[in-house]
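Residue numbers (numbering that gives the first Met the number 0), protein chains in the order written: chain A, 0 to 425; chain B, 0 to 425.
A couple of the hints might just be wrong.
Copies of the same chain are indistinguishable here, so a pair counts whether it falls within one copy or spans any two.
What the hints assert, rightly or not - Cross-link-like lysine to any residue pairs, in silico, SDA-like; alpha carbons within 25 Å at most:
1. Lys360 - Ala230
2. Lys166 - Asp8
3. Lys212 - Ser308
4. Lys325 - Thr219
5. Lys401 - Ala414
6. Lys360 - Val7
Calculated directly from the structure, the hints in this document are not laboratory data. Bear in mind the structure is a predicted one, so any value in this text is a computation, not a measurement.
Number of protein chains: 2
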Amino acid sequence: MTEPFDTVDLIRTKRDGGTFADAEVDWLIEAYTRGAIAEEQMSALAMAIFFRGLSAPELSRWTAAMIGTGERLDFSSLSRPTADKHSTGGVGDKITLPLAPLVAACGVAVPQLSGRGLGHTGGTLDKLEAIPGWRAKLSNEEMLRQLEDVGAVICAAGSGLAPADAKLYALRDVTGTVESIPLIASSIMSKKIAEGTGALVLDVKVGSGAFMKQPDDARTLARTMVELGTAAGVRTVALVTDMATPLGLTAGNGLEVAESVEVLAGGGPADVIELTVALAREMLTAAGRDDHDPAEVLASGRAMDAWRSMIIAQGGDPDADLPVAKETEVITAPSDGVLTTLDAYAVGVAAWRLGAGRARKEDPVQAAAGVQLHAKPGDPVRAGQPLITLHTDTPERFDRAKEALADAFGIGAEAAERPVIIDRIG
Amino acid sequence: MTEPFDTVDLIRTKRDGGTFADAEVDWLIEAYTRGAIAEEQMSALAMAIFFRGLSAPELSRWTAAMIGTGERLDFSSLSRPTADKHSTGGVGDKITLPLAPLVAACGVAVPQLSGRGLGHTGGTLDKLEAIPGWRAKLSNEEMLRQLEDVGAVICAAGSGLAPADAKLYALRDVTGTVESIPLIASSIMSKKIAEGTGALVLDVKVGSGAFMKQPDDARTLARTMVELGTAAGVRTVALVTDMATPLGLTAGNGLEVAESVEVLAGGGPADVIELTVALAREMLTAAGRDDHDPAEVLASGRAMDAWRSMIIAQGGDPDADLPVAKETEVITAPSDGVLTTLDAYAVGVAAWRLGAGRARKEDPVQAAAGVQLHAKPGDPVRAGQPLITLHTDTPERFDRAKEALADAFGIGAEAAERPVIIDRIG
Chain A
0 MTEPFDTVDL
10 IRTKRDGGTF
20 ADAEVDWLIE
30 AYTRGAIAEE
40 QMSALAMAIF
50 FRGLSAPELS
60 RWTAAMIGTG
70 ERLDFSSLSR
80 PTADKHSTGG
90 VGDKITLPLA
100 PLVAACGVAV
110 PQLSGRGLGH
120 TGGTLDKLEA
130 IPGWRAKLSN
140 EEMLRQLEDV
150 GAVICAAGSG
160 LAPADAKLYA
170 LRDVTGTVES
180 IPLIASSIMS
190 KKIAEGTGAL
200 VLDVKVGSGA
210 FMKQPDDART
220 LARTMVELGT
230 AAGVRTVALV
240 TDMATPLGLT
250 AGNGLEVAES
260 VEVLAGGGPA
270 DVIELTVALA
280 REMLTAAGRD
290 DHDPAEVLAS
300 GRAMDAWRSM
310 IIAQGGDPDA
320 DLPVAKETEV
330 ITAPSDGVLT
340 TLDAYAVGVA
350 AWRLGAGRAR
360 KEDPVQAAAG
370 VQLHAKPGDP
380 VRAGQPLITL
390 HTDTPERFDR
400 AKEALADAFG
410 IGAEAAERPV
420 IIDRIG
Chain B
0 MTEPFDTVDL
10 IRTKRDGGTF
20 ADAEVDWLIE
30 AYTRGAIAEE
40 QMSALAMAIF
50 FRGLSAPELS
60 RWTAAMIGTG
70 ERLDFSSLSR
80 PTADKHSTGG
90 VGDKITLPLA
100 PLVAACGVAV
110 PQLSGRGLGH
120 TGGTLDKLEA
130 IPGWRAKLSN
140 EEMLRQLEDV
150 GAVICAAGSG
160 LAPADAKLYA
170 LRDVTGTVES
180 IPLIASSIMS
190 KKIAEGTGAL
200 VLDVKVGSGA
210 FMKQPDDART
220 LARTMVELGT
230 AAGVRTVALV
240 TDMATPLGLT
250 AGNGLEVAES
260 VEVLAGGGPA
270 DVIELTVALA
280 REMLTAAGRD
290 DHDPAEVLAS
300 GRAMDAWRSM
310 IIAQGGDPDA
320 DLPVAKETEV
330 ITAPSDGVLT
340 TLDAYAVGVA
350 AWRLGAGRAR
360 KEDPVQAAAG
370 VQLHAKPGDP
380 VRAGQPLITL
390 HTDTPERFDR
400 AKEALADAFG
410 IGAEAAERPV
420 IIDRIG
């Protein structure tokens with residue numbers, strides 16, 4: 000077959016600062032998915048894009064082309080509007096767990112296609128799999144039925160959505176080309192647009208535990224994604240939120256489920272509640288259902304009811320005991336004072352090393368492993384009090400986890416105030 | 000086997016403007032050659048190097064590491080000093096053919112390991128293969144013996160020299176990462192240093208028919224290569240020479256052999272003579288034998304004697320008729336005036352299309368195909384006089400060759416003077 004474009008010419012075009020025509024972008028994505036563009040050619044192009052970027056029209060076309068390589072879900076048959084949330088990933092970020100049932104309880108269907116954890120950030124599916132019997136894999140029909148009956152579904156994204164992205168992401172992961180805002184934005188948005196949600200709220204994290212370390216980069220990524228979503232007809236809004244310190248008091252699969260259930264029961268850490276309610280409010284507004292007050296619905300117990308239905312619908316037992324780690328070890332405060340910092344990245348790495356995360360996609364995770372915090376920045380602490388409890392089934396992992404935490408916290412006279420929500424881009 | 004470095008970390012280091020330690024460079028080249036670094040990783044790194052460059056110490060180490068992946072030739076047993084020439088490639092660049100025997104006739108051994116043509120530039124081996132019986136492939140022992148007996152050898156570079164470069168060059172060729180000065184310089188110099196010559200003269204071409212289009216880029220490449228050679232103990236000097244117009248009056252394998260023999264016989268085009276003598280002078284000086292005047296040796300016929308011996312030693316018949324193309328077509332001057340320009344790139348493409356060159360390494364070439372010029376910039380022309388003769392065995396190629404030449408020349412009132420030798424970097 001004669002190809003309409005020459006791959007090397009296109010790589011050089013981007014390398015030298017040029018712009019692709021629509022037909023060129025379409026061909027690049029289609030030919031790469033088909034295998035007519037070799038992996039080493041696409042990695043060189045991805046690196047050229049890292050340096051040169053993609054213009055807004057190029058990016059929009061690139062995203063559409065990736066969507067075009069796969070199927071698109073269609074929720075238009077549902078009796079209620081749909082809204083989805085996507086977080087760029089952080090440490091202790093269990094927000095999806097209380098959020099999906101909360102929004103469902105407010106009358107908006109939440110089709111939450113989620114992934115697994117890799118490296119120091121956890122994955123929503125890994126967390127829910129700590130619940131005995133719960134299964135991540137649903138057919139499109141099961142998903143639709145559950146959205147109609149329960150209103151919320153958290154399940155594995157099938158390989159049918161934007162397969163070009165799966166191939167490209169795996170390549171970027173091994174070629175040092177992940178950290179490109181247009182490539183990140185198109186990767187996320189191709190899947191979210193293909194998923195067929197009517198409204199989308201993005202939680203763009205910034206700080207040591209997040210992908211974006213600088214607020215300006217996070218804002219740029221947020222703006223880029225909001226533009227892509229809006230252009231594709233999805234009502235999209237983004238919150239830029241803090242990930243300098245972990246969300247809540249837990250990082251680890253079963254530990255985070257337990258904390259999420261606490262929030263649904265009306266308790267839980269203030270930051271988790273604040274962010275859950277804020278994101279729910281955005282989702283309801285974007286879905287045109289801001290007649291509900293999520294804080295009130297949370298307090299009423301109706302979100303908990305939706306949670307229980309959602310877990311049961313996917314085979315889980317919401318009343319089953321969550322797994323408990325075989326071993327724990329406690330890190331105590333070395334001095335009196337106020338906890339000034341608690342580094343999200345260090346906590347994420349510690350939880351990962353304890354067994355909560357994986358280094359490679361095919362690795363198993365421990366349901367009970369993780370890190371439990373007993374104080375957050377701003378809290379007063381006393382010398383000798385428990386600061387962090389480490390959980391694992393494999394105690395030989397404690398040493399490396401403690402290494403990760405060696406410089407993770409500071410104790411001083413007072414802590415700077417850090418808002419949970421830094422910015423809103425709509 | 001546990002690797003001492005992480006490939007993705009190293010790609011990101013270069014991508015973000017960092018510098019590699021010696022051990023990192025050594026490992027990158029060694030692991031890539033061994034296959035522990037994937038092609039898609041090396042192409043991303045090559046693109047990062049395109050944007051970020053390599054520092055002088057990095058480049059020197061990179062070159063040494065590439066040399067270290069293969070064998071090094073050793074000419075120290077020869078009774079005379081060695082000098083080699085390398086041209087970055089141009090159109091009608093047959094200089095090696097008269098130059099090697101000329102320098103040999105002056106008492107300096109010339110071990111000229113050469114390549115084949117690709118795209119619009121010809122290859123020295125392709126040219127010599129137009130001579131009936133001549134063979135490009137010699138063993139290291141045959142090469143040494145011929146250097147001692149004849150003083151000059153032009154033969155195929157074995158795959159034993161810097162095999163990392165062969166692998167990396169093939170990758171760069173398909174990933175749009177050829178045009179990087181440090182990668183070009185290390186590619187050329189790794190082979191030339193491994194070849195074991197004591198002195199090296201570089202002919203860095205600049206102009207439409209060359210790789211470098213701008214004199215400043217050519218100077219930078221020349222300087223980079225001279226530094227690498229000097230640091231490796233090879234007496235190295237570079238001439239930056241014009242490639243806006245073809246060298247001599249021929250581009251094509253057999254046609255260029257005939258023109259080279261003319262030069263050795265005391266005739267031939269002025270620019271070919273000038274550059275041959277200038278490069279010979281540099282080689283003799285670099286080899287410490289500037290007691291010979293190459294212009295005098297050329298006039299004396301001793302260079303022709305060395306040529307004949309060199310061709311015979313490699314199985315060729317210097318008295319055999321060169322192949323003649325089955326068909327020719329003539330392009331005539333459209334008006335009276337002075338030929339102002341004759342574009343090297345266009346002539347190179349035309350010769351290639353006529354069958355003198357190849358699109359892929361495995362393609363055959365026609366020995367008799369090519370372009371013959373009847374005037375050079377600065378020459379007066381009359382309307383209707385022959386300007387260019389096209390030669391090919393496959394006349395269906397004429398049309399595409401003429402297309403390439405459509406805008407290749409200009410006729411005007413007077414032509415700007417263009418020196419053959421633009422700069423010298425020593």
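message = Reference check for the pair Lys360 and Ala230, CA-CA at most 25 Å: within, between, both, or neither?
response = Intra 33 Å, inter 46 Å, cutoff 25 Å: neither.
ask   = Between the shortest in-copy and the shortest cross-copy C-alpha distance, which are at most 25 Å for Lys325 and Thr219: within, between, both, or neither?
value = neither (44 Å within a copy, 64 Å between copies)
inquiry  = My question is about Lys212 and Ser308: at a cut-off of 25 Å on alpha-carbon distance, are they close within one copy, between copies, both, or neither?
reply    = neither (38 Å within a copy, 69 Å between copies)
inquiry  = At most 25 Å between CA atoms: does that hold for Lys166 and Asp8 within a copy, between copies, both, or neither?
reply    = both (22 Å within a copy, 21 Å between copies)
task = Check Lys401 against Ala414 for me: Cα-Cα at most 25 Å, and say if that holds within a copy, between copies, both or neither.
result = Answer is within; shortest intra-copy Cα gap is 23 Å, inter-copy 77 Å.
ask   = For Lys360 vs Val7, is the C-alpha pair at or below 25 Å within one copy, between two copies, both, or neither?
value = between (32 Å within a copy, 17 Å between copies)
The structure does not agree with the numbered hints 1, 3, 4 stated previously, though it agrees with the rest.
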